[in-house]
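> Given the sequences, and given the hints that come with them, work out the whole structure.
Just so you know, the sequence shown maps onto residues 50 to 211 in our numbering.
Keep in mind that the hints were calculated from the coordinates and are not lab data.
Hints should not be assumed to be uniformly reliable.
In silico DSS-like pairs for lysine-lysine, Cα to Cα no more than 27 Å straight-line [stated by the list, open to error]:
1) 191 x 119
2) 133 x 206
3) 83 x 133
4) 191 x 111
5) 130 x 206
6) 98 x 191
7) 133 x 111
8) 83 x 206
9) 166 x 95
10) 130 x 166
11) 175 x 161
12) 95 x 83
13) 161 x 122
14) 130 x 83
15) 111 x 175
16) 83 x 111
17) 166 x 133
18) 175 x 119
19) 166 x 119
20) 119 x 98
21) 206 x 111
22) 98 x 122
23) 161 x 130
24) 95 x 133
25) 111 x 130
26) 122 x 133
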Amino acid sequence: MKRLILAIAILLSCFAGRAQSIGLIDLNNLTSLKSEQIDDYFTAGKIFKLQVGEEQDGVVIKHWLVMNPKAGKTEIVFTGKGFKTAAGDILHNASYQTNDPQNIYNLINQTKGAGLKLTFQGADNKDNIYIYDSFLYHVVFKLSFDQTVGTVDITQKFAFTQ
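Here it is in structure tokens:
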């Protein structure tokens, strides 16, 4: 419990200034919310609107699109993904995609400021890849070589009980 409180305090104290419509803390929080709570979060914030919800493997994956994008810039948040552990807990995932590389750099800086440890830096055939870990989250950043698309995937490492 003390570790959880410490982690939340660290995440809340990280750099919050950003140009993108959603920050690291928000994405982290989305991994621990139920579908209805995520709907409430986005509709109350009036920044994102539901673009589409599609069922995959019995789970509804929702695509939230920024309502008023800057000219030529897109931001999409994907919620609902996750997997079931052997203990029966569901570990959730939140993903963010943008065509503005500066948003990805801002999120990487927020990740560093939150104290997550860089565990891998490399590339595949089309993306630069950065992986950060803490005891709560696994975060994967991908930024295409031509910097036309960037993604962030945040996955819980253990389920939060309510």
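> The structure should be examined with respect to each hint, and the outcome stated for every one.
A quick look at each hint next to the structure:
Distance hint between residue 191 and residue 119 is fulfilled; the C-alpha atoms sit about 22 Å from each other, no more than 27 Å. For the hint pairing residue 133 with residue 206, the CA-to-CA distance comes to about 12 Å; that is within 27 Å, so the pair holds. A distance of roughly 15 Å separates the Cα atoms of residue 83 and residue 133; the hinted pair therefore holds under the 27 Å criterion. Distance check on the hinted pair: residue 191 and residue 111 sit about 21 Å apart at the alpha-carbon level, within 27 Å; holds.
Taking the CA atoms of residue 130 and residue 206, the gap is near 14 Å; set against the 27 Å cutoff, the hint holds. With a C-alpha separation of about 24 Å, the suggested pairing of residue 98 with residue 191 holds against the 27 Å cut-off. Taking the CA atoms of residue 133 and residue 111, the gap is about 18 Å. The hint holds against a cut of 27 Å. Annotation: proposed proximity of residue 83 to residue 206 holds, straight-line Cα distance about 16 Å (limit 27 Å).
With a C-alpha separation of about 33 Å, the suggested pair residue 166 and residue 95 falls outside the 27 Å cut-off, and the hint is violated. Between residue 130 and residue 166 the CA atoms are separated by roughly 24 Å; this keeps the pair inside 27 Å, and the hint holds. A distance of roughly 24 Å separates the Cα atoms of residue 175 and residue 161; the hinted pair therefore holds under the 27 Å criterion. For a cut-off of 27 Å, the pair hint linking residue 95 to residue 83 stands: about 19 Å separates their Cα positions.
A C-alpha spacing of about 25 Å is found between residue 161 and residue 122, which places the hinted pair at or below 27 Å, so the restraint holds. With a C-alpha separation of about 11 Å, the suggested pair residue 130 and residue 83 falls inside the 27 Å cut-off, and the hint holds. Distance hint between residue 111 and residue 175 is fulfilled; the C-alpha atoms sit about 26 Å from each other, no more than 27 Å. Using a Cα cut-off of 27 Å, the hinted pair residue 83 and residue 111 holds, with the two alpha carbons roughly 12 Å apart.
This hinted pair checks out: residue 166 and residue 133 have alpha carbons roughly 25 Å apart, not beyond 27 Å. The hinted pair formed by residue 175 and residue 119 meets the criterion: a straight-line CA distance of about 26 Å does not exceed 27 Å. Pair hint residue 166 plus residue 119 does not hold up; C-alpha atoms about 32 Å apart against a cutoff of 27 Å. Annotation: proposed proximity of residue 119 to residue 98 holds, straight-line Cα distance about 15 Å (limit 27 Å).
With a C-alpha separation of about 21 Å, the suggested pair residue 206 and residue 111 falls inside the 27 Å cut-off, and the hint holds. Between residue 98 and residue 122 the alpha-carbon distance is near 15 Å, which keeps this suggested pair within the 27 Å criterion. For the hint linking residue 161 to residue 130, the alpha-carbon distance of about 25 Å falls within 27 Å, and the restraint holds. The straight-line distance between the Cα atoms of residue 95 and residue 133 is roughly 31 Å, outside the 27 Å bound, and the hint therefore fails.
For the suggested pair residue 111 and residue 130, the alpha carbons sit about 9 Å apart, so the restraint of at most 27 Å is met. The hinted pair formed by residue 122 and residue 133 fails the criterion: a straight-line CA distance of about 34 Å is larger than 27 Å.
Violated hints, listed in ascending order, are 9, 19, 24, 26; each of the other numbered hints is respected by the structure.
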